[in-house]
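Residue numbering for the sequence shown follows my numbering, beginning at 9 and increasing consecutively.
Rather than coming from a laboratory, the hints here were simulated on the basis of the structure.
None of the values given here were measured: they were computed from a predicted structure.
Glycine included, every Cβ here is placed at the ideal spot set by N, Cα and C.
Some hints here could point you the wrong way.
Stated by the list, open to error - List of simulated lysine-lysine pairs, DSS-like, C-alpha gap at most 25 Å:
no., residue 1, residue 2
1, 54, 30
2, 487, 452
3, 61, 216
4, 199, 361
5, 476, 405
6, 157, 191
7, 111, 487
8, 61, 487
9, 90, 157
10, 43, 30
11, 527, 476
12, 527, 216
13, 505, 527
Said to hold, decoys possible - Distance ranges between label pairs, derived from CB positions:
no., residue 1, residue 2, range
14, 18, 389, 13 to 21 Å
15, 561, 397, 35 to 43 Å
16, 223, 438, 34 to 42 Å
17, 145, 549, 16 to 24 Å
18, 192, 483, 52 to 60 Å
19, 191, 485, 52 to 60 Å
20, 29, 549, 19 to 27 Å
21, 192, 472, 32 to 40 Å
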Amino acid sequence: MKTDIEIARSIKLQDIREVAEKLGIDEKFLELYGKYKAKINLDFLKDRARRAKLILVTAISPTPFGEGKTTVSISLSMGFWKIGKTSAVALREPSLGPVFGIKGGATGGGYAQVLPMEDINLHFTGDFHAVTSAHNLLSAMIDASIFHKNSLGIDPNNVLWPRTIDMNDRSLRDVVIGLNPIKNGPLRLEKFVITPASEVMAILGLSKNYAELKERLSNILIGFTFKKEPVFARDLKAQGAMTVLLKDAIKPNLVQTTENTPAIVHTGPFANIAHGTCSLVAIELALRACDYTVVESGFGSDLGAEKFLNIVTRELNVIPDLAVLVVSIRALKFHGGIKKEDLKRENEDALVKGLDNLRAHLNILKNTFGIRTCVAINRFSFDTDREIKVVQDFLDKEKVPNAICEGFLKGGDGAKDLAKKVIEVIEREENNFRRVYDVNMGIKDKIERIAKNVYGAASVHYSDEALKKVELCERLNFKDFYICMAKTQYSLSDNSKLKGWPKGFEIKVDDIRIKSGAKFLVPLCGDILEMPGLPEQPAATIIDMDENGVISGLF
Numbered sequence: 009m010k011t012d013i014e015i016a017r018s019i020k021l022q023d024i025r026e027v028a029e030k031l032g033i034d035e036k037f038l039e040l041y042g043k044y045k046a047k048i049n050l051d052f053l054k055d056r057a058r059r060a061k062l063i064l065v066t067a068i069s070p071t072p073f074g075e076g077k078t079t080v081s082i083s084l085s086m087g088f089w090k091i092g093k094t095s096a097v098a099l100r101e102p103s104l105g106p107v108f109g110i111k112g113g114a115t116g117g118g119y120a121q122v123l124p125m126e127d128i129n130l131h132f133t134g135d136f137h138a139v140t141s142a143h144n145l146l147s148a149m150i151d152a153s154i155f156h157k158n159s160l161g162i163d164p165n166n167v168l169w170p171r172t173i174d175m176n177d178r179s180l181r182d183v184v185i186g187l188n189p190i191k192n193g194p195l196r197l198e199k200f201v202i203t204p205a206s207e208v209m210a211i212l213g214l215s216k217n218y219a220e221l222k223e224r225l226s227n228i229l230i231g232f233t234f235k236k237e238p239v240f241a242r243d244l245k246a247q248g249a250m251t252v253l254l255k256d257a258i259k260p261n262l263v264q265t266t267e268n269t270p271a272i273v274h275t276g277p278f279a280n281i282a283h284g285t286c287s288l289v290a291i292e293l294a295l296r297a298c299d300y301t302v303v304e305s306g307f308g309s310d311l312g313a314e315k316f317l318n319i320v321t322r323e324l325n326v327i328p329d330l331a332v333l334v335v336s337i338r339a340l341k342f343h344g345g346i347k348k349e350d351l352k353r354e355n356e357d358a359l360v361k362g363l364d365n366l367r368a369h370l371n372i373l374k375n376t377f378g379i380r381t382c383v384a385i386n387r388f389s390f391d392t393d394r395e396i397k398v399v400q401d402f403l404d405k406e407k408v409p410n411a412i413c414e415g416f417l418k419g420g421d422g423a424k425d426l427a428k429k430v431i432e433v434i435e436r437e438e439n440n441f442r443r444v445y446d447v448n449m450g451i452k453d454k455i456e457r458i459a460k461n462v463y464g465a466a467s468v469h470y471s472d473e474a475l476k477k478v479e480l481c482e483r484l485n486f487k488d489f490y491i492c493m494a495k496t497q498y499s500l501s502d503n504s505k506l507k508g509w510p511k512g513f514e515i516k517v518d519d520i521r522i523k524s525g526a527k528f529l530v531p532l533c534g535d536i537l538e539m540p541g542l543p544e545q546p547a548a549t550i551i552d553m554d555e556n557g558v559i560s561g562l563f
């Protein structure tokens, strides 16, 4: 079979204006970035009523190998078109960190990709650079204020705002700045977070218009004075310039799939350290322009889906119609204890053992959130009929609607059965959707609701630092903020080694990050990093370009 990039290059792309027409978007609302990319002006949202069903695509606990959630999301949207329904898939933008680290790309795979894949995986329309610039402008203004007489009385040792870069660079996790205090400002500890973990990225994704964007940016807590009083971005008068840098970045990006159907790709918060879905304006636009809006959330249902259902749907004021839970035979065998080198071999015992992880995620969606759920069995070429039947028999016994998805190999044709099943479940089953917590509950109550009702933890332990942060947030009147948990994606617990459906574990909250502009608190649980590092052999080593400008190595 051709590689992803070879398949992408074999597709005849349509002019993006033709793609926009499929969603009823007039050319006057488009800002063209060449022939195949465009930003959509926010004016399109005026006087357009919502009409789409909202489909959330999530997954069981992921493995390090990638189990095709993006591929399923794209192929499902294409599958709707194959059966006569209009659809748009709404995805996050890829981060350069994972592109050059492990993933090598994040635009789907095979015959279910969003295009042009090289552009989307690299600089795209510059949104990530805008976020990085806006974030670091605030960092520079903080240090300039301290250097020039420090009229706000900012304590250099109590600055909470880090710097950011969209690259995996572990050496930047802890740095020292101000090595020449007379010229460069006071010596202090500093750190970098990766751009998808920036609060500016979260704010951009949650803001519905320029006014809200500027208001949220103004509310960023950057640190404290020597008198222990809070200092916000508005105190530095930074919000105006930051908004200017994000003027175009707030507009959703329109691209197309391998079958020339519409795809909206916008913002990119990670789901293990942020809220993990594309922007609200991207989802809102799709909801007003088609029959079925397909939104992918990051990682498993315990992370991306939990945050989408508890945070994003509140901000959108919408009830999702159905969740598609992606599962693969390979991931189930991995959760059943099989090593990487043996995952392509048939092993029914490991598969059956791994079904525990599937049970856990079904429990989260169906019992905890009460949302209609359909399972997509993402079939790989090395999966055997016998293995597929084991999973189907289990789901049929549990009375869980399911369908095989072969979008990677067959594009929309490989997802028609899944699209039909989704429609059938929406029309046939009752939706008893509910959220896990009320925003007006206490901070610890909200954390424990997620830990116990979603993860299945027996208890929650708070470090002394975390308890101080809870008290601080209560003092600052941040009690009604959302909770955006940060933990490993590889386990339902905060320990990546606990596979399957762990029981009786304790969630450890080591610290809490305050994201007052985004209006959520981020409890840090276990060994969680806000700045990833490159592996021993990063994907960057195989990414190249020839003398004709032809890129290779993206996958």
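Hints and how they fare:
The suggested pairing of residue 54 with residue 30 holds, with an alpha-carbon distance near 18 Å, which does not exceed 25 Å. Using a Cα cut-off of 25 Å, the hinted pair residue 487 and residue 452 holds, with the two alpha carbons roughly 10 Å apart. Annotation: proposed proximity of residue 61 to residue 216 holds, straight-line Cα distance about 20 Å (limit 25 Å). Pair hint residue 199 plus residue 361 does not hold up; C-alpha atoms about 42 Å apart against a cutoff of 25 Å.
Between residue 476 and residue 405 the CA atoms are separated by roughly 48 Å; this puts the pair beyond 25 Å, and the hint is violated. Proposed proximity of residue 157 and residue 191 is supported: the alpha carbons are some 13 Å apart, at most 25 Å. Between residue 111 and residue 487 the alpha-carbon distance is near 37 Å, which puts this suggested pair outside the 25 Å criterion. With a C-alpha separation of about 33 Å, the suggested pairing of residue 61 with residue 487 is violated against the 25 Å cut-off.
Of the supplied pair hints, the one linking residue 90 and residue 157 is violated, its CA atoms being roughly 65 Å apart against a limit of 25 Å. Under the criterion of a C-alpha separation no larger than 25 Å, the hint pairing residue 43 with residue 30 is consistent with the structure, at around 16 Å. Restraint check for residue 527 and residue 476: satisfied, since their Cα atoms lie roughly 19 Å apart, inside the 25 Å limit. A C-alpha spacing of about 14 Å is found between residue 527 and residue 216, which places the hinted pair at or below 25 Å, so the restraint holds.
At roughly 32 Å between alpha-carbon atoms, residue 505 and residue 527 are farther apart than 25 Å, so this suggested pair is violated. For residue 18 paired with residue 389, a C-beta distance near 19 Å keeps the hint of 13 to 21 Å intact. In this structure the hint that residue 561 and residue 397 lie 35 to 43 Å apart at CB holds, the actual value being about 37 Å. A hinted range of 34 to 42 Å for the beta carbons of residue 223 and residue 438 is consistent with their spacing of about 38 Å.
Checked against the given bound of 16 to 24 Å, the beta carbons of residue 145 and residue 549, roughly 33 Å apart, lie outside it. Distance hint check: the CB atoms of residue 192 and residue 483 are about 33 Å apart, inconsistent with the given range 52 to 60 Å. Under the hint 52 to 60 Å, the C-beta atoms of residue 191 and residue 485, about 39 Å apart, miss the expected range. Range check, residue 29 to residue 549: about 42 Å between beta-carbon atoms, so the 19 to 27 Å window is missed.
Remark: the range hint 32 to 40 Å for residue 192 to residue 472 is upheld by a beta-carbon distance near 34 Å.
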